[in-house]
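Participant: Below are the chains, spelled out letter by letter.
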Amino acid sequence: MPYDTTSAGDTPPVGQPILALNGIEKVFPGVKALDGVHLSLYPGQVTALVGENGAGKSTIVKILTGIYQPDGGEILLNGTAITFPTAQHAAAAGVTAIHQETVLFDELTVAENIFLGHAPRTRLGLLDWRAMRRAAQAILTSIGADIDPGVKLAELGIASKHLVAISRALSIDARVVVMDEPTAALSHKEIHELYELVEKLKAQGKAILFISHKFDEIFRIADRYTVFRDGQFVAEGRIDEVSESDLVQMMVGRSVDQVFPQRTPTLGEEILTVAGYAHPTEFEDINFTLRRGEILGFYGLVGAGRSEFMQSLIGITRPSKGAVKIEGHVRIIRSPAEAIREGIVYVPEDRGKQGAITALPIFQNVTLPSLAQTSRNGFLQLAEEFDLAREYTQRLDLRAASLDTPVGALSGGNQQKVVIAKWLATKPRVIILDEPTKGIDIGSKAAVHDFMAELAAEGLAIIMVSSELPEILGMSDRVIVMREGRIVAEVSGDEMTPQTLVRHAAGIGQEDAA
Amino acid sequence: ADEMRIALVVKALGIGFFEAAAKGAEEAASELGDVKIIYTGPTETTAEGQIEVINALIAQNVDAIAVSANDTDALVPTLKKAMQRGITVISWDSGVAPEGRSVHLNPSSNPLIGNMIIKLAADNMPDGGDVAVLSATTTSTNQNIWIDEMKKVMPDYPGINLVTTVYGDDLADKSYREATGLLQTYPDLKAIIAPTSVGIVAAAQAVADAGKIGQVNVTGLGLPSEMAGAVESGASESFAIWNPIDLGYSAAMIAYHLAKGDAEATAGAEIPMGRMGALTLDDNLEGAMADPFVYDKSNIEEFKSIF
Amino acid sequence: MIPLRLTREVLLAFALLVLLALVATRFPGFVAPSNLAAVFNDTSALIILALGQFIVILTRCIDLSVAANLALTGMVCALLNTVAPDLPIVVTLALALALGATLGAVNGFFVWKLDIPPIVVTLGTMVIFRGIIFLISDGQWVNAHEMSARFTAFPRYEMLGIPMLSWCAVLVIALVYLMVTRTSLGRSFFAVGGNPHAAVYTGIDVGRTQFLAFVISGTLAGLAGYLWVARYAVAYVDIAGGFELDVVAACVIGGAAISGGAGSVVGIVLGALFLGVIKNALPVVDISPFWQLAISGSAIIIAVALNARSGRAKGRIILRKAEHAHEPV
Amino acid sequence: MSLSDTARTQGATPATQRRDPRQIPDRLTTRGQRVLKSWEALLLLVGIAIFVANCFASPYFLSPWSLSDATFNFTEKAMIAFAMALLIISGEIDLSVAAIIALASTAMGAAATAGFGTPVLVGIGLGTGLLCGAFNGVLVTRLGLPSIVVTIGTMSLFRGLSYIVLGDGAYRGYPDGFAFFGQGYVFWVVSFEFVLFAVLAVIFTVLLHKTNFGRAVFSVGNNATAALFSGIRVPRVKMILFLLTGLMSGVAAICLTSRLGSTRPSIGLGMELEVVTMVVLGGVSILGGSGSIPGIVIAAFVLGLLTFGLGLLNVPGIVISIFTGALLIGVIALPRLIAKGRR
Ligand SMILES: Nc1ncnc2c1ncn2[C@@H]1O[C@H](COP(=O)(O)OP(=O)(O)OP(=O)(O)O)[C@@H](O)[C@H]1O
Ligand SMILES: Nc1ncnc2c1ncn2[C@@H]1O[C@H](COP(=O)(O)OP(=O)(O)OP(=O)(O)O)[C@@H](O)[C@H]1O
Ligand SMILES: [Mg+2]
Ligand SMILES: [Mg+2]
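Chains as they are written, first to last, in our numbering: chain P, 670 to 1183; chain W, 16 to 322; chain S, 7 to 335; chain D, 18 to 360.
There could be a bad hint or two in this list.
Unchecked claim - Result set (DSS-like, lysine-lysine): computed pairs, CA atoms no more than 30 Å apart in a straight line: (1) W/Lys166 - W/Lys227; (2) D/Lys227 - P/Lys1096; (3) D/Lys227 - P/Lys701; (4) S/Lys119 - P/Lys1022; (5) P/Lys830 - P/Lys883; (6) P/Lys871 - P/Lys883; (7) D/Lys357 - S/Lys119.
What the hints assert, rightly or not - If you anchor each label on the Cβ, the simulated ranges turn out as follows: (8) W/Pro287 - D/Phe197: 36 to 42 Å; (9) D/Lys227 - P/Thr933: 56 to 62 Å; (10) D/Lys54 - P/Arg803: 51 to 57 Å; (11) P/Leu793 - S/Leu93: 30 to 36 Å; (12) D/Gly161 - P/Asp817: 38 to 44 Å; (13) S/Thr187 - P/Glu862: 32 to 38 Å; (14) D/Phe197 - P/Glu1007: 35 to 41 Å; (15) D/Ile65 - W/Pro287: 45 to 51 Å; (16) W/Pro202 - D/Gly186: 30 to 36 Å; (17) S/Ala311 - D/Phe73: 52 to 58 Å; (18) P/Thr752 - D/Phe73: 39 to 45 Å.
It is worth saying that the hints were derived from the structure and are not from the lab.
The C-beta atom is built at its ideal place from N, Cα and C for all residues, glycine as well.
When you get a sec, could you build the whole thing from the sequences and use the hints?
Facilitator: Okay, structure coming up:
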């Protein structure tokens, strides 16, 4: 098995990078995604690649793994030039990756997802299903994932899927392991297991490229760093020789205040009351209230059912019982259209599926939920649409060639900004943000946080679902913790400490609470 | 115009029967001298397809259109338009309602055909027994008329019992399947009567494949070239058809004389048809060309290479 | 896990049995083994084509040109037979397979290299293939007596009391089953249809895989072309006209997801048999021919609706206590 | 490794420029550029080429009556194609349109036989279309079945119902006034059908490209989930489109029945594929999400002119269909080939 522990030298080998990319260029229609960048990966070392959204990080990953072909530059493996015409070539050369988006097959079993393309064969050259299952089980166990390799992938939650993606990367006997924002979809416990895994791989002498927007993470596990900005190489070096603010400075070109916005919440009257909300399989007994000007955090491990509940609140799914009061009046919301009319909007967490319509231009995305506002008697008014789109995208500091650019051509973070702009433009009373800063860079994150503070000050009520502790603690006035479809705690003030939240979320020491 | 253009519009291109008719029309043309035959038709046997073809012919301002219709009524408006623009319109083989044409040429008289198909079956059933009909589509005009005529004369053939009528839609595989279904449903069946050239071939094949040659006789209307094998194998004792070459020839002749103005489409009138004699019109302005002709082992060799 | 995965197929098999029982009440002879064998034989062409179509549908494509491919290959075989009546059947078969594969490759080429949606490509080639038949045959039929005895005998030749046509279907079923479950090409069909984007990340060439699916579908259509023409002993422009819809219907009744990536060989065979039984049963149970079309249409709708119910994805369940209450039945 | 590595910086922009919000332009291209580069422009060129070729090929082509007759080759199909385009853009398809024509025509025939007048017949034609559309729509939006499969089923069902009603019979005897829809002329050679076609073209262009509903259709076709989250009532949009397609099939049924003056169950057989061909040639993505009505209008003319032109040369229909098939693949392949060549 490729992940078996083999001893490796303690001192990181200095000198020859195992994989070096020089002068790599990649042009997309209208965008020069990479402009002669340089990247070196050393055996037994973790190199963190940092940069703003759209800096070109994922693009270089795709070039490294044979999904994109570079338009210029060279790839050197152990000093010899090599090309990766397909993903299989890259895998054969020992380069494997956990990609930013989960690229797996819902209809296939977990085992097959792990081994597709390099599955064990019988002597007749036919696929050996039994061997495949056994090997898959071994890998899953080794990373501490309790997943049956025989079930269909569709039956797993997002976090489990991500663990399958990690297993897939490990199933290839790799010399270079690339991880593009691997912790974005994971919760606390799994993240720690991932760190251990990285250590293990390091010890095996593998070169690791680690991409993340979370600085605590980077400083915790990286040995080296490389910085890209707007598709250009900016800097590289040893991580212990830079400070966090240096790195941010290199990345953004200015210093960013990492502190969350200071605000003194002025809570207005109650705007939303949820009483006895329940669903047959997803959640039950949800009760809480929300006031104007308040930011209410929803914390929990990934898969706690927060998203499900929020989605039923805006009418995507029907609750089996329970009531919603808006400004004291009972309202029944049967569809997002009705929710938007009531002034409740939901910014979904799954940007690609639920948030953005990637083939349509930015301005059409932004105005879609507010067409009633920009149109006249059901007829479109393009000028007003552009005005609205411009106003909100610029407030969020969107980077795009034009408002007519398809959203799919933007980087992940910039897509997220379009999605947030889209729901803010409806001028809501209550806004529910589900993992609003997932995958967006530090600069934009600060912009989103500032903006949230601004909105709260204007009297908007905000619900923020987040699995990121610092964000929850830094932004919320009050936090509700969910576990397994129930509210297990509501904390505010001094009680809001990382320990309390994590303890409630994980259910430590309170097994019989419910 | 120096040359008269006569369009021979058929139900669909690629059907042996109509190809033979086209040959006959060409023969008439060379006999007449100053005539050009435009042989055309839709790809599938639909009225809409024929309308498109006829529209194109109207635009070309042909002198006459002789059509074998896929639908008695649906062509009427278009053909009326053609007549308004001075084009002579006749129908042949499969007719058009009277207001859509001047003259209709029946290949034979319907009662004769109706009688012929049941007689062919009865001749080989001295002890009587069950027969079934395999027709073309449920909407084919002439098949339905013949079957009706056949039913009218059934009492003349005591002991012959018609069990059912099925439809093969003029598709080889459907007809085959329907014929196989008949053989299963009616184990005592003595004959299948298929008054359609597609159906009769498929039925003969089905009988041969079911190993029922000698037990079940396939008869009806078919082309010698297509039926030669069935007659040789004994799946079909005999079948009938008029000569499509003669039919095409006659249609072209009639169209020519009407367009030229040397014959008139009135009840009782006689329209010359060259070597086929003359067509006598009845009150519906219809006339019959000739008797159907019977083919069996004695003459199939001679005709199978002709049409 | 095994019974769970088979629900769809079991349901379909059950529906098939009910259908047979219904027919038997009206006409007991229908369920006699000899007649069932005849029904299978009659459905063989549909099974062969449906399995080819299944592979294409797996890759998120559709092949509307199968029937036209069948007709063209059949016509070429028939014409070839008229000029070279003594050609060994193996050669005819090889030619049919090769020509079918070539026509499939034409479809696949446009899908792969020019990235034209499959439904558009095959809508085009469907009429083009038919047109070519017209051109090469000059619109004429090739009739039974013009074919050599050897040519028409092959599908009828009986082995162990079962005609060669049925054996061909059995062989195709076995081969496709093996390929789909036990080869990496077979699995890549599922991958490409299930998530083309992810397939690229797995190193699968999506276009090339789709190309191969079309080649396989074409090859099977070519095989069916020869068999069809030899069996009905006639070839003309319109043979198997509209049959592509039956083929697609068999696939969806059999549980192939039209959006790709899902379905099973057993399901497809059952789906084809379901249609085959309806087609063969309606004439013998003495239902007015005018009712046949409506009945088969309703059967398709009902089958698909049932299918969708049994195949509805089992969602994730968060609440602990609900987990057991919602075990699939 | 040393600290000096860190100094390897390049291409960094001065810090001060970064804070001010960037001005994002609305568009990078002008309207003219977009039109010139569009599918419609390419198709128009093809159309003009076919027109010119026709003028040279047949002396009969350039006559007003010929051209007027030629329009009947496409008007009815185009009416359905307009609605079908919206449906395909939204990610669904309706293969039962020709069968709806048969059923609607049968219903009108039955009513005509029962002695009802033209207005009632029109109502029945449209009503039957709507009903059929509703049936498809319910199966797709309520039961969540894939529309291609549902409509393959209803295609047999609807036509099958006509067969049950009509058998081997036919309805004739439509009232005199009814002939106007398919055979009447509004002005000189301009037929009623052509006028209807033109009016519908305008209505559908506005509906798809100028209204909120049209925008909803595009967003549903591109990403139905995101559209739902954005407050679009996706099932309702799809239901409306199925109803609209049924309605337009009803309109086409009125025109076609009136033009033929009779009804048989086989009426309009195979028309669904011609409609889909027209829609696809018009530049609608068969996968949903993009397309335009002007494209359909041009495609209707292109197909109509092509078949009529070749018909004037007495080219057999099946050979014409080779040209149609080649045109379909060729015109769609062309831009991709050009794009490949550029690279
Ligand atoms: N398929 C594509 N087509 C067009 N442009 C693209 C495509 N993929 C990426 N780009 C562009 O290339 C640039 C780099 O994108 P990339 O995804 O590599 O950014 P990133 O550094 O991974 O950002 P993030 O942190 O948001 O994931 C962006 O400007 C993006 O818009
Ligand atoms: N097996 C699944 N089938 C369908 N959708 C799923 C599945 N697993 C997860 N999802 C969807 O993916 C999204 C993310 O799921 P996740 O695992 O984060 O759980 P969640 O319910 O969102 O919990 P939380 O928001 O508390 O983390 C949700 O919108 C959820 O509906
Ligand atoms: Mg990225
Ligand atoms: Mg969530």
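Participant: Does the beta carbon distance between lysine 227 of chain D and threonine 933 of chain P stay inside 56 to 62 Å, or does it fall outside?
Facilitator: 48 Å, violated
Participant: Range first: 45 to 51 Å. Now tell me if the beta carbons of isoleucine 65 of chain D and proline 287 of chain W are that far apart.
Facilitator: 50 Å, holds
Participant: Does the Cβ distance between phenylalanine 197 of chain D and glutamate 1007 of chain P fall inside 35 to 41 Å?
Facilitator: 46 Å, violated
Participant: If you draw a straight line from the CA of lysine 357 of chain D to the CA of lysine 119 of chain S, is it 30 Å or shorter?
Facilitator: 10 Å, holds
Participant: Could one say that the CB atoms of proline 287 of chain W and phenylalanine 197 of chain D fall in the range 36 to 42 Å?
Facilitator: 41 Å, holds
Participant: For proline 202 of chain W and glycine 186 of chain D, compare the CB-CB distance with the range 30 to 36 Å and indicate the outcome.
Facilitator: About 32 Å separates the Cβ atoms of proline 202 of chain W and glycine 186 of chain D, which means 30 to 36 Å holds.
Participant: When you check the alpha-carbon spacing of lysine 166 of chain W and lysine 227 of chain W, does it fall within 30 Å?
Facilitator: Within the cut-off at roughly 26 Å; holds.
Participant: Between lysine 227 of chain D and lysine 701 of chain P, is the straight-line Cα distance small enough, at 30 Å or below?
Facilitator: 34 Å, violated
Participant: Could you tell me whether the CB distance from threonine 752 of chain P to phenylalanine 73 of chain D stays inside 39 to 45 Å?
Facilitator: The hint (39 to 45 Å, Cβ to Cβ) is violated, given that threonine 752 of chain P and phenylalanine 73 of chain D are roughly 52 Å apart.
Participant: Quickly compare the C-alpha distance for lysine 227 of chain D and lysine 1096 of chain P to 30 Å and report which way the hint goes.
Facilitator: Holds - the C-alpha atoms of lysine 1096 of chain P and lysine 227 of chain D are around 24 Å apart, at most 30 Å.
Participant: Falls inside 30 to 36 Å, the C-beta gap from leucine 793 of chain P to leucine 93 of chain S?
Facilitator: Holds - the Cβ-Cβ distance for leucine 793 of chain P and leucine 93 of chain S, about 35 Å, lies within 30 to 36 Å.
Participant: With the threshold set at 30 Å, check whether the alpha-carbon distance from lysine 871 of chain P to lysine 883 of chain P stays at or below it.
Facilitator: 20 Å, holds
Checked against the numbered hints above, the structure violates hints 3, 9, 12, 14 and 18; every other hint is satisfied.
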